[in-house]
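Start from the sequences and build out the full structure, keeping to the hints where you can.
Each chain, written out:
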Amino acid sequence: GAVVSQHPSRVICKSGTSVKIECRSLDFQATTMFWYRQFPKQSLMLMATSNEGSKATYEQGVEKDKFLINHASLTLSTLTVTSAHPEDSSFYICSASPGTGKQPQHFGDGTRLSIL
Amino acid sequence: GQQVMQIPQYQHVQEGEDFTTYCNSSTTLSNIQWYKQRPGGHPVFLIQLVKSGEVKKQKRLTFQFGEAKKNSSLHITATQTTDVGTYFCAGPGAGGTSYGKLTFGQGTILTVHP
Chain G
1 GAVVSQHPSR VICKSGTSVK IECRSLDFQA TTMFWYRQFP KQSLMLMATS
51 NEGSKATYEQ GVEKDKFLIN HASLTLSTLT VTSAHPEDSS FYICSASPGT
101 GKQPQHFGDG TRLSIL
Chain P
1 GQQVMQIPQY QHVQEGEDFT TYCNSSTTLS NIQWYKQRPG GHPVFLIQLV
51 KSGEVKKQKR LTFQFGEAKK NSSLHITATQ TTDVGTYFCA GPGAGGTSYG
101 KLTFGQGTIL TVHP
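Residue numbers (my numbering), protein chains in the order written: chain G, 1 to 116; chain P, 1 to 114.
FYI, nobody ran anything at the bench for these hints, they're computed from the structure. Please note that a few of the clues may not be correct.
To be verified - Facing chain P, from chain G, some residues (calculated, C-beta under 8 Å):
#1 Thr32
#2 Phe34
#3 Ser83
#4 Asp109
#5 Gly110
It should be emphasised that the depicted structure is a prediction, and the values quoted were computed from it without experimental measurement. Note that beta-carbon positions come from the ideal geometry of N, C-alpha and C, so glycine has one too.
And the structure:
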């Protein structure tokens, strides 16, 4: 089945640090990937749609300069949390789907980000 | 914008009891999907419902899609400890494809006591 790999699984760093999270589709190509954010015991909130070869589409209220997304290849999207602060601490998770969007989303294992 | 409401937020059951979570959308949905997220894990796709009034079963799990395609339910018969986790419904996000951009319900956290 389709596999999505996300790295790193956990990051603990100081305030002001920029953190890059990678999302890879291991056995399929994905022109579109999605980035979500999840606070403890809460739902997944879509942050942005990552589009291969073009700019990401951000949801309302998500700062594009704060959360930089790059989708340079058909198997890799990266999310960079720039100058992270404690309020950015959260569980970040990506998803992707093979084909033309007719198949369900497969989620990465997520990245737990803790900013001290 | 589209909202997907899910209740209850929490459900504690004894092993062997049944469990149901309900999902309601503010708009008609082209389809609805259900995901399960184990504690500390990531969401895993369970099923998609497309047709009005559709009912699908997966062993002890029964999924229903309402006639108006605005509500859905997931029912688990005779829960087991392996059923523990958060169950999310999700509808297509605004401007998204059928399986792409998703709007998730708040989720129901299921605890099963042995």
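For each hint, the structure was consulted:
no.	hint	result
1	Thr32	holds, 6 Å
2	Phe34	holds, 6 Å
3	Ser83	violated, 27 Å
4	Asp109	holds, 5 Å
5	Gly110	holds, 5 Å
The earlier numbered hint that this structure contradicts is number 3, and it is the only one.
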